[in-house]
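Peer 1: Protein sequences appear in the order of chains S and H.
The end of the first sequence is residue 1058 by the numbering used here, with every number in the run present.
The end of the second sequence is residue 497 by the numbering used here, with every number in the run present.
Careful, some of the hints might be misleading.
As the list claims (entries may be wrong) - Lysine to aspartate or glutamate pairs mimicking EDC-like chemistry, simulated, CA-CA at most 16 Å apart:
(1) H:K406 / S:D963
(2) S:K946 / S:D960
(3) H:K93 / S:D963
What the hints contain is simulated information worked out from the structure, not anything from laboratory work.
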Amino acid sequence: MSLIKAMQLEKTYVTGDIEVKAIRGVDFTIEPASFVSFIGPSGSGKSTLLNMIGCLDPPTGGKLIVADQDITNLARNQAADFRGNTIGFVFQDFNLIPVLTVYENIEYPLLMVQKWSVGDRKKRVMSLLEAVGMADQADKYPSQISGGQKQRVAVARALVTNAKLVLADEPTANLDRETANRIISMMKTMRDEFQTTFIFSTHDPKVVKSAEVIFTIEDGKLQKNGSEVGGTHV
Amino acid sequence: MFNILKMAAKNLTRYRRRTFLTTMLITLGVVAVLLFVSVSGSFKTMMIGQITDSMLGHLQVHRKGYLASIDSLPLNKNLNQKQVKKLEEILRSEEAVESYTFRIKLGAMFSNYAETTNIRLNAVMPDKELQTMPLLGDRIIEGEKEGLLKKGEILLPELIAKGMKVKVGDTIVLVANNKDGSVNGQSFLVRGVLEGISGPGGRDGIMHLEDARSLLRIEEMEVSEVAIRLKSIDQMEDVFNGLKAQLSSMTNKEGKPVFELHTWEKLSPFFNIAKMIDLMTLFIKVMLVAIVLVSIMNVMIMAVYERINEIGTIAAIGTRPGKILALFVTEGFLLGLLGTISGTIISLIGITAMNLSKLTFNFGRQTGLELAPTIDASDIVVTVLIVIFIAVLGSLQPALKAARMDPIAALRHV
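Bound conformation, chain S alone:
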């Protein structure tokens, strides 16, 4: 059973009289526990596609099913609940909350989005801190750790809710080569450990190489390059 199924997915932005077709009727499927990369030039539509999968931006046409739920037309609260329970996000700029410690940043979704007991929360956060190798930095604030460490915390925060899917938009763009490789490799380990699907968009060819399935987007369309439409199994 596919984790994501997109059928004739479309996204059109209208500004005044100008209509911009960001995504033009794409079809694809993504299997559970896969490690997927969307690549393409700037403005090709990869972020738009990620936002639609992430339930942040509703499609204007077609149908999108994620984790057995049709998310094409969710209301705001429904979309928020769906994101909180199913999807984790990793951002290019890490987006950690500066007034919270590393521990509290990872704990945030369990506290403010899901309702976990104190004991369960502590156990879960500690296990994630161990998994991303940040247990010894738990009490530090984001301003006191490096970029690579911040991204590790962001990955832990994305996974803490047992998300089935983690979306990472340019997760290595603000990291040096070595740190970027380490983050990608850690994400792969996390995928193996938690059976979570990772989807990331990137420009970086070396990062692309680490992906197991690659979708190339150009001008809002998926290109045929591989054994399945729009997807290349590496």
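With chain S held as given, fit chain H onto it using these hints.
Peer 2: Frame of chain S, contents of chain H only:
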């Protein structure tokens, strides 16, 4: 809710100086209001107490038309014996009435055997007067206070005692016209000197009612004024309405009402000052509302603007719009709460300090009045609730903006 409170508190530590300054602004507003309310309220209560408890009483009854010509102290507009008896019956049956006193108000010529001047006098029954005016004794600044006065004695107003160079123990002469126009004179022993206070009758002398009847050759029980003291001033309006209904039903042969009833508010110009104080208190409260509203709105608008990216992040990871709204409103609530707590503490310390330092002030001809500010718990509660309500209101608009923010636009914000 606790988690939201915790998060909001953490967010307030983000810009400590801004939080401190905003809290201080609210604190200053709260201190200004509470100190003003306590000082002005105490001043008002003291002055009203002095007016009602040493001079006017809470209510007064006169014969219809007496008050309009009170300046000439007309003896022909006194209540007669029958009317006084009827009035006494009514007052005795009214449970809220604690006591009442009868007065004859008269004008006389005052002589110290060397000089002569005019004097206004209240002739009273000492026991009843003291019962009805419990603070009257405190106005005796020279001479014996106990028992007010006996027959043949007089309490002189401070101004006349000083002006005529009369001391306690001296003998003076009063000469008065009765209502038929004949003149009579009697000598009196100066028993004491009365402090003058603001308001009608505040500079009148006091003599015994029996002496006034003898001086004016009044044979029956005649009274110019009946001052009434109630068990509680809060009952004044109800008692006034009840008595008014009873008294207005009593008419003379021409079918016109015999009595007129007034509250102290109608009789003393201080009531207008009291109203002005209430208006100023309201104005100060409006200022406080404006201070809180502007400062909270300003700080919360800034907070939302500076955290747009973060709002996008927490929205993306699944925080519901309602929770984002609650988070920002709680920040405003906490700012208001902090400001009111510190403002209330500082105000209470200030009020205690003022009481300990025994500050005095002058009002009219009265000097050395001691300021004894107090504040009701209800005033504190009302001020705290106003500030917190306005703080929440002020943070609502920025919080709504945050809650309605499109996560993608917020995440893209630089």
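Peer 1: None of the hints should be skipped; say for each whether it holds.
Peer 2: Outcome of the hint check:
1. The suggested pairing of K406 of chain H with D963 of chain S is violated, with an alpha-carbon distance near 26 Å, which exceeds 16 Å.
2. Distance hint between K946 of chain S and D960 of chain S is fulfilled; the C-alpha atoms sit about 15 Å from each other, no more than 16 Å.
3. Between the alpha carbons of K93 of chain H and D963 of chain S the distance comes to roughly 15 Å, so the proposed pair stays at or under 16 Å and holds.
Consistency note: the structure conflicts with earlier hint 1 alone.
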